[in-house]
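Participant: Sequence:
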Amino acid sequence: MKTLKLYLKKIVKANAKSHMSDFDLLAIHKLLQAGFSFKECLTLLKNQKNAEIFTAIDQRLQAGEMIDDLFVNYLEKKYADYFTALIRFEPFSISLGLMIEMVQDDDQQNKMYIKSLAYPLFILVATILGIYFFNLWVFPGMLEIMQSFAKIDDTVLYLHLIMQLIANVSLFMLIIVLSFILYFKQEKNQVKGYIFFHRFIRQGFWHDFVTNDFVRFFYHCQKNGLSTKQSMAILCNLPHKPLISYVATIIDGQLQNGEMMEKALNLAFLDQALNKFMIIAINTSRIEEMLVGYMEVNALKVKERCRKLGMGLQLFSYVMLGIMLVFVYQILLMPLGVISHL
165 MKTLKLYLKK
175 IVKANAKSHM
185 SDFDLLAIHK
195 LLQAGFSFKE
205 CLTLLKNQKN
215 AEIFTAIDQR
225 LQAGEMIDDL
235 FVNYLEKKYA
245 DYFTALIRFE
255 PFSISLGLMI
265 EMVQDDDQQN
275 KMYIKSLAYP
285 LFILVATILG
295 IYFFNLWVFP
305 GMLEIMQSFA
315 KIDDTVLYLH
325 LIMQLIANVS
335 LFMLIIVLSF
345 ILYFKQEKNQ
355 VKGYIFFHRF
365 IRQGFWHDFV
375 TNDFVRFFYH
385 CQKNGLSTKQ
395 SMAILCNLPH
405 KPLISYVATI
415 IDGQLQNGEM
425 MEKALNLAFL
435 DQALNKFMII
445 AINTSRIEEM
455 LVGYMEVNAL
465 KVKERCRKLG
475 MGLQLFSYVM
485 LGIMLVFVYQ
495 ILLMPLGVIS
505 HL
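All you need for the numbering used here is the position in the sequence shown, starting with 1, plus 164.
No lab work stands behind these hints: they were computed from the structure. Check each hint, because a few of them may be wrong.
Claimed, not checked - Listed below are the simulated DSS-like cross-link pairs for lysine-lysine, each with C-alpha atoms no more than 30 Å apart in a straight line:
| # | residue 1 | residue 2 |
| --- | --- | --- |
| 1 | Lys275 | Lys349 |
| 2 | Lys194 | Lys472 |
| 3 | Lys275 | Lys203 |
| 4 | Lys465 | Lys427 |
Said to hold, decoys possible - If you anchor each label on the Cβ, the simulated ranges turn out as follows:
| # | residue 1 | residue 2 | range |
| --- | --- | --- | --- |
| 5 | Leu335 | Glu204 | 34 to 40 Å |
| 6 | Gln226 | Ala282 | 44 to 50 Å |
| 7 | Lys393 | Ile487 | 56 to 62 Å |
| 8 | Glu460 | Asn274 | 17 to 23 Å |
| 9 | Phe361 | Gln273 | 16 to 22 Å |
| 10 | Gln420 | Ser185 | 39 to 45 Å |
| 11 | Arg469 | Ala215 | 21 to 27 Å |
| 12 | Pro403 | Phe298 | 43 to 49 Å |
| 13 | Asn332 | Gly457 | 44 to 50 Å |
Positions of the beta carbon are idealized from the N, C-alpha and C atoms, including for glycine.
Model the full structure from these sequences, guided by the hints.
Facilitator: Right under this line is the structure:
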């Protein structure tokens, strides 16, 4: 066991040494904005933890390599995915800043989803599995014990069959849903899944989620002074965000065909409220303010949808547990009923 722990610690340390920390990335970005050169940033920020990485980068720079080409090798995957797409279109300093902002936004978004849905999903899975295995292993033994006291009422047997049916159907549905999630979580399948669900649900949680992602990325590009054309070029080339790339490609195609921005954004694949915000934004020349306003409204909407979904999952779990407890209570009271009739 100690050997395993030491091995895992070595792996963690090795990974930490091969990737730049969040603090170092943010600090480099701030210093670059203040007018320092990249080499000066390395000198000022070098410490015991990052010395190995900074020295390796400095040696490669002295050997004539470009920072645009080598920097991605020292980034965690969540940063590297963005940097690879951004550096093709923008200078290093802008790419670095946009990368940090987008990753921070992703982290905040994921925390919101986890906070809203993790507990309800855990309760649901635990309830379904608990009832399933309780029906499989415990109930038969309890029924045999109770039958030794008296004949079990048919109502109890029917209730047991109903609970078995509910548990089996719930477990089957849970497996189906998890299979869908695992399948469509793969980047190559996300667009197919989005189009598939769009056929049945024209405007729903999925559309809010995709629209929110598209708008926040587009906003960060606009905030950093990029033109609409540059922003779309970047969004069309985010391989780790296939849904955003898909939507951006459609919008970019319409813009290149001469459509106005507000009309190009009026897609069935996006939240219809976005079009209203963009009409106001373009007419008042307050695009950034309108985008911020839309993101705040959309974030509240997504959060409310998550809250309702979480409450629904918890309610379903509690109802199943309640039925289960009533059934167990009925069985446990059977010996007392037999004694009272003696």
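Participant: With reference to the structure, classify each hint as holding or not holding.
Facilitator: Against the structure, the hints:
1. Lys275 x Lys349: 18 Å, holds
2. Lys194 x Lys472: With Cα atoms ~40 Å apart, Lys194 and Lys472 exceed 30 Å; violated.
3. Lys275 x Lys203: Not satisfied, since the Cα-Cα distance of roughly 35 Å exceeds 30 Å.
4. Lys465 x Lys427: Distance ~23 Å between Lys465 and Lys427 Cα, so the pair holds.
5. Leu335 x Glu204: 34 to 40 Å: 60 Å, violated
6. Gln226 x Ala282: 44 to 50 Å: 47 Å, holds
7. Lys393 x Ile487: 56 to 62 Å: 59 Å, holds
8. Glu460 x Asn274: 17 to 23 Å: The hint (17 to 23 Å, Cβ to Cβ) holds, given that Glu460 and Asn274 are roughly 18 Å apart.
9. Phe361 x Gln273: 16 to 22 Å: With a Cβ separation near 20 Å, Phe361 and Gln273 satisfy 16 to 22 Å, so the hint holds.
10. Gln420 x Ser185: 39 to 45 Å: Cβ of Gln420 to Cβ of Ser185: about 40 Å, so the range 39 to 45 Å holds.
11. Arg469 x Ala215: 21 to 27 Å: Because 47 Å falls outside the window, the suggested range is violated.
12. Pro403 x Phe298: 43 to 49 Å: 46 Å, holds
13. Asn332 x Gly457: 44 to 50 Å: Holds, at about 48 Å.
Consistency note: the structure conflicts with the earlier hints numbered 2, 3, 5, 11.
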